[in-house]
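A.B. asks: The primary structure of each chain is shown beneath.
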Amino acid sequence: MSLEIMILDDETIVGERLKASLEKDGHRLEAFTEPLRAMERLRAHDFDIVVTDIRMDNVSGIEILELVKRKSPGTKVIMITGYATLEVARESLTKGAFDFIAKPFKIGEIRKTIEKAHDALKAQQKG
Amino acid sequence: MRILIALDQNEYSAHTLGRVARLAENTWADITLLGIFPGKSDSALPNEFTATMDRYQKDFLNCFDAAFSPYGPMEENNAFREVQPGIHERSPGPGKGPKDMAVRIRMGEPSGIILEEAGKIGCDLIVLGCDTRDDCTWCPGGNVPYRVAAEAGCSVLVMKKDTDARRILSCLDHEEISQASLEMISQMSTLFTADLDIVGLTKKNELKQSVQTKLGMLQSYYLSRRIQPWIELVELSDLEAFIAGENRWSLIAMWMGKQSVFRRIFFDSKVEKLISNSRSSVLLLK
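If you read the protein sequences in the order shown, they are chains A and B. Using the working numbering, the first residue of the first sequence is number 7, and each one after it goes up by one. Using the working numbering, the first residue of the second sequence is number 3, and each one after it goes up by one.
These are computed hints drawn from the structure, not numbers from a lab. Misleading hints may appear alongside valid ones.
[Said to hold, decoys possible] Straight-line Cα separation of at most 30 Å, DSS-like style, residue types lysine-lysine; simulated pairs: (1) Lys118/A <-> Lys122/B; (2) Lys118/A <-> Lys101/B; (3) Lys216/B <-> Lys275/B; (4) Lys98/B <-> Lys75/A; (5) Lys101/B <-> Lys77/A; (6) Lys25/A <-> Lys288/B; (7) Lys112/A <-> Lys216/B; (8) Lys132/A <-> Lys98/B; (9) Lys288/B <-> Lys112/A; (10) Lys112/A <-> Lys122/A; (11) Lys118/A <-> Lys288/B; (12) Lys122/B <-> Lys112/A; (13) Lys112/A <-> Lys30/A; (14) Lys216/B <-> Lys288/B; (15) Lys30/A <-> Lys288/B.
[As the list claims (entries may be wrong)] Label pairs and their calculated CB-CB ranges: (16) Ser27/A <-> Gly99/B: 24 to 32 Å; (17) Glu29/A <-> Thr215/B: 29 to 37 Å; (18) Glu242/B <-> Asn64/A: 37 to 45 Å; (19) Glu40/A <-> Thr215/B: 19 to 27 Å; (20) Arg250/B <-> Lys118/A: 37 to 45 Å.
Here a beta-carbon is modelled for each residue, glycine too, at the ideal position from N, C-alpha and C.
The following block holds chain A by itself, in its conformation from the complex:
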């Protein structure tokens, strides 16, 4: 099954790496580097999975998480961060993030998490 996935990271290289790899797996990807534009898109469209950086200019990943969960509670949100702290991890999970991944990570780690999110989506649809 092909998933619709949004990737939001203000570092271009992250979106590029993930997009190339996940598209090979047959998923449809939209990569954003500007949080405000990503928010506009999220208001207009529901994704199966959103992968977002936490620390960005103007808007935090936590705000992205809150927006997604308000509008599309079934969407799985994966948080990535280069500045991991206990507080951020807890806040992300309390607010409904599916998983939390610290940089540096290998593409394989994200793919494994996407697979887990995919399984959770399938279970959600059955239940």
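Based on these hints, arrange chain B on the given structure of chain A.
C.D. replies: Chain B alone, transformed into the frame defined by chain A:
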């Protein structure tokens, strides 16, 4: 992030475990606790060592609030079993958490075992403790931290007991530095709650234009991530003495990728000396 923590029975291993638990708590890393007993692989595993590994695993898991722990609980009656000659492991058990935690014991020569396990699991970081005695003991087996740091395909953090310093010295200024290395420094800056000093090398008091450009880029990179970097210009011939004043730093991070200018200047015997004698922890980035 996947972290391999190499452990023996010395006090520094217990200390390292506590610090890495904080890193794991922050990053939700997949963890492998690798205990190494310096015996022959065909000899029996001493109960004393499995008891030490039990204690390490318990102590590690006790660092987490159970409601938010990324790892499953330690289960009673889940003994180590020999899966191959000289390799013992505990099964993950049904109460697995969202992140992986593997616990293994191997018997044999430590550095070879650590490198083999790191390659097998594809970890991002190897962490091992080390005391600050002159020869940096780590089981009988020579300078294990140095050999691991020199040969590993991933970054290696050699942890010393904490100093009061709250600064990280980063020798990073080559243009080929990897994104993963910059990110690892960010995580360390968060973990050590430390400011960042970035070294720029000068020759006859002149800073090359390319180095200046790179330093500017690194400064912007960290500033935009709300980490305050300080640039320290150091004359090439003074670098060793500068680094030797390590009481100022809680961590010395050095990029040692194949293209690294520091690898050329700070050749192997000096890196070995740094790891052995420094009172600061040392992070060798790849």
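A.B. asks: Next, verify each hint and record whether it holds.
C.D. replies: Going down the list of hints, with the structure as the test:
no.	hint	in the structure
1	Lys118/A <-> Lys122/B	17 Å, holds
2	Lys118/A <-> Lys101/B	11 Å, holds
3	Lys216/B <-> Lys275/B	28 Å, holds
4	Lys98/B <-> Lys75/A	26 Å, holds
5	Lys101/B <-> Lys77/A	28 Å, holds
6	Lys25/A <-> Lys288/B	25 Å, holds
7	Lys112/A <-> Lys216/B	25 Å, holds
8	Lys132/A <-> Lys98/B	23 Å, holds
9	Lys288/B <-> Lys112/A	14 Å, holds
10	Lys112/A <-> Lys122/A	16 Å, holds
11	Lys118/A <-> Lys288/B	24 Å, holds
12	Lys122/B <-> Lys112/A	14 Å, holds
13	Lys112/A <-> Lys30/A	16 Å, holds
14	Lys216/B <-> Lys288/B	18 Å, holds
15	Lys30/A <-> Lys288/B	28 Å, holds
16	Ser27/A <-> Gly99/B: 24 to 32 Å	26 Å, holds
17	Glu29/A <-> Thr215/B: 29 to 37 Å	34 Å, holds
18	Glu242/B <-> Asn64/A: 37 to 45 Å	44 Å, holds
19	Glu40/A <-> Thr215/B: 19 to 27 Å	26 Å, holds
20	Arg250/B <-> Lys118/A: 37 to 45 Å	40 Å, holds
Checked against the numbered hints above, the structure breaks none of them.
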